[in-house]
Amino acid sequence: MTQKLRLDGGRLDRTKALNFTFDGQAFQGYEGDTLASALMANGVRLIGRSFKYHRPRGVFTSGSEEPNALVELRSDARQEPNTRATVAELFDGLDARSQNRGPSLRWDPLAINDLFSNFLTAGFYYKTFMWPKSFWEKLYEPAIRRAAGLGSLSMQDDPDEYDKGFLHCDLLVIGAGPAGLMAAQIAGRAGARVIVADEDFLMGGRLNAERQEVGGMAGHDWAASVVSELHSMDNVRVMPRTSIIGAYDHGTYGAVERVQDHIHTPVSGKPRQILWRIYSKRAVLCAGATERPIAFPNNDRPGISLAASLRAYANRWATAPASRVAVFTNNDDGHRTAADLMARGVDVAAVVDVRQKAAKLSDARLIAGAQVIGTKGRQGLKSIRVRHSDGRLETISCGALGVSGGWNPNVHMTCHQNGRPVWDEDIAAFVPGADLPPGMSVAGAAKGLFTTTDALRNGAEEASAILSDLGFASGGATELPQADDAAYEHEPIYHVTHGKGRAWLDLQNDVTVKDVKLAHQENFRSVEHLKRYTTLGMATDQGKTSNVGALAVMAELTGKSIPETGTTVFRPPYTPVTVGAFGGRSVGAHYRPIRKTPSHKWAEENGAPLVRAGNWLRARWFPKSGETHWRESVDREVMHVRSKVGICDVSTLGKIDVQGADAAAFLNKVYANGFAKLAVGKVRYGLMLREEGILYDDGTAARLGEDHFVITTTTANAALVLRNMEFARQCLWPDMDVQLISTTEAWAQFAVAGPKSRELLQRVVDEKFDITNETFPFMACGELSVCDGLRARLFRISFSGELAYEIAVPARYGAAMWRRMLELGKDLDVIPYGVEALDVMRIEKGHPTGRELDGTTTALNMGMERMVSRKKDSIGSVLDQREGMIRTDGLRLVGLKPVNTSETFTAGTNLVNDGAEIVINNDQGRVTSACFSPSLGHCIGLALLKNGDARMGEVVRVVSPAQNTDVKVEVTTTHFFDPDGGRLRA
Amino acid sequence: MLINHPLLGPRDAQEFIYLGDARLIDRPDWQAADAQEQFFEYTYLRDNPAGEHKELWFHEYGDRSWLVVTRNTVTHEITHVELASEAARARGRSK
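Residue numbers (the working numbering), protein chains in the order written: chain A, 1 to 986; chain B, 1 to 95.
Calculated from the structure, these hints are not laboratory results. All values derive from a computational prediction rather than experimental measurement. Check before you lean on any hint, since a few could be wrong.
Stated by the list, open to error - Chain A side only, calculated, beta carbon under 7 angstroms to chain B, not exhaustive: (1) Pro734; (2) Phe932; (3) Ser933; (4) Leu936.
Unchecked claim - A few chain B residues that face chain A, going by a derived Cβ cut-off under 8 angstroms, partial list only: (5) Ala35; (6) His53; (7) Lys54; (8) Phe58.
Note that CB positions come from ideal geometry on N, CA and C, so glycine has one too.
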């Protein structure tokens, strides 16, 4: 296929021909092309189908504001939907496809929607698919989704890597057009740390799209020379292919750098895109302006584009949009398109200017005071219908029409922190208001200064003012290059009033002038309502070419001015960002960190299934050969610990070291029970409350010295407890002499439980330390040494209800300690046990965990009300005495066992009285924990039951309508096993 | 957002955990006659000003200082940052 519309010149490297396909057909372009320019050069005008009516559509713009030309790029896992062809840099081997179409782009059965457009107006879905209700989910929604979708996903994992990074600068220059380059050059020369970012792969902005001279050379050559100078400066970071997406607080900007989007197969190990967080002292927004269209009947045909975009295609990308072109304008800039196209040998049929007194600014035929009121050409423009000022109609044949309705400054980022733009009557456009994000300046066309001379001058001025604020000596007078300064003459018009047929305002969402009228008629008149009712300004282009036009129509209808009608709020991101860039490296296994216990490797070697507990991985059980069901392993581990000895890795428990003269007094404040009188060498169980009186954590506090405690927290709350304790220390009792530090990662800690646990430990603990029952009784603790001099801490505490200890060694010795205990205990038949057996044994003993301390329960609910001291001030001890929380018939923790011991139940079920109907009003409480107790031979559970402690022996029912559970249970004590605790004192 | 930590200089807000109104420093006297009423207000009732707000931030991914940050809730402008322990002492808290 030849590039039949290719012109001479342009910013292309013609030595590098690039082969690509569109809908399977092979084409060729050059390095420097976008997909849009290469398709245009090859005479392809039909690029896609519209969102709602499936109307044929082509390229409308030459930049990131593109509403129409959305395509799918690449295939398989790299398939990328909804990409704007106008910013897709061409590369060799690019595989692109049209989307939202039927079997082929030219024949699309859903284009029938277009014939029913009278029914598919604004609010159609809300009005039509209301009934029958059941049809919505199964019929309407899937059908609508299929019809109205855009591109499709590959449903495969993205094979590319994305990264995040951080940058710092004195001045961030957003946009590298004339204003931005001028600002960057001045700041760079003054020695400031500068970042200059532009979304385009070729810096220079409109200078690359115009024939103007700057400083006595071609504008694009001047831009290239400045970019080259900036590259040579160590203090300047030049970032092409980088979109600034948002202005965040305190000078922070978000940016997406498309590092490898233009490479066929991204180099592995390097990111495809980087999401940058840029910390700037100051920023200057040089984002330029976006041309706006004029709405007229059938203004959406392929071949109709913005006039300045046609000029960009001709000048920068050396392609004509068609062999014969017309221009429809309300301002002088449209004439420039005609002049530039003619200079490149393209036939310009006419310049239709709405202004009666339009000056003739090109050699093309000028039709002044006229309007384009219709077009023909179903799959590509064939002719336009022109209404002359005297009412005479004329048909002009042309394959492309450039439309210019004036220019809108790109004010978006000036509004990211609640700023509102203001209306400038002179240019009939919104310009940045006074309430800019702190640290931001605006220069050039983004501020409404539309000539190149003004842009250069203003870029220099803003940069100089910023440099002087930041204390940089001005780098001497930088001479401004000479440039064009033609005035911007225009006459506002947003839609034509003659002609028949729909006139599109928002091409991406298929919103027409008629839809806005309907919204007005149905009283959706505020801008925000208009937007949501018609979907105007949504999706990938966020209304960059449509918002002002729609506002103008609404303003006409309401009889208000445009500024009175208002603007919608601009929010980040400025242009679409891939989810991959936001995810960065936090995908798959790296979604969150993994914390491994000291025994992790051993557990893996021995085939233990692992479970996540927060970020920790913990062994659930340790299967023996021949065991086929988890219950076999867990039951065995429980029975073994209760008869012999087992070890369990409990290093995940939070550990906080508390030291200082006021350590005991401090713990008295943060624990509900008393700690002041705890003797050195003793451990005490402690309850922590939130200030509102709810239980939030429990653990143990071991007093290793007068001024030294080590406390444990539950695994889940380790960070939270330290945070709250620091709050208490710094904000509530700042003069207490106490210091806190987390030692969770510093100590490996193992439970050693079972009748033979002391015997095992005596083989580990160095001989000089006596750990007999007499000198080291239940709830004793101490610092000692193990394995010939390794320092260790020993706590005689028991979660299992057996004679048990927890031994702690420095974390780096944890793995070795684990293996040593298994080795030294071989003849005692020591086994490892996992968190499931740990849980079964604690339920058998009635110990609460996070299942019971679920953020709604109090000490009274747990039957632990006597632990909350009334003789001292501690967090939560006032509000836990509130009326509603001390009612005697409230929930109490009880034990449950099935009346028929062969029946089972699970946690998360509810309780009702025997004989009661299963309805919410009969709810008597809930089962918090349940398991099969191998020690008792039947299922047991812990539950919160209304008035539970007065109901011992009563029969209630565990029910779950969702699981069809209905089991009669007897209310019992929570101490199922060894209720008098004889075993743990043995 | 950037928080100018009095000891460490400007730090990204991502390093901090937000708690809320700095009046949480003013924990009531547990032995007051109307202690329950005071604690109820202390725990549950907050002003929600549009404008300047003194609030508590915890440098969890840093030095674990609690800070009192004076921030404008409308503009996010931060006008003052101090160590919460010093603010607490200034408000009469001790042991």
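Checked hints:
1. Pro734: holds, 4 angstroms
2. Phe932: Violated - the Cβ of Phe932 (chain A) stays beyond 7 angstroms from chain B, reaching only about 40 angstroms at its closest.
3. Ser933: Interface hint status for Ser933 (chain A): violated (40 angstroms vs cutoff 7 angstroms).
4. Leu936: violated, 42 angstroms
5. Ala35: Given a least distance of 5 angstroms, the restraint on Ala35 (chain B) holds.
6. His53: violated, 15 angstroms
7. Lys54: violated, 12 angstroms
8. Phe58: holds, 6 angstroms
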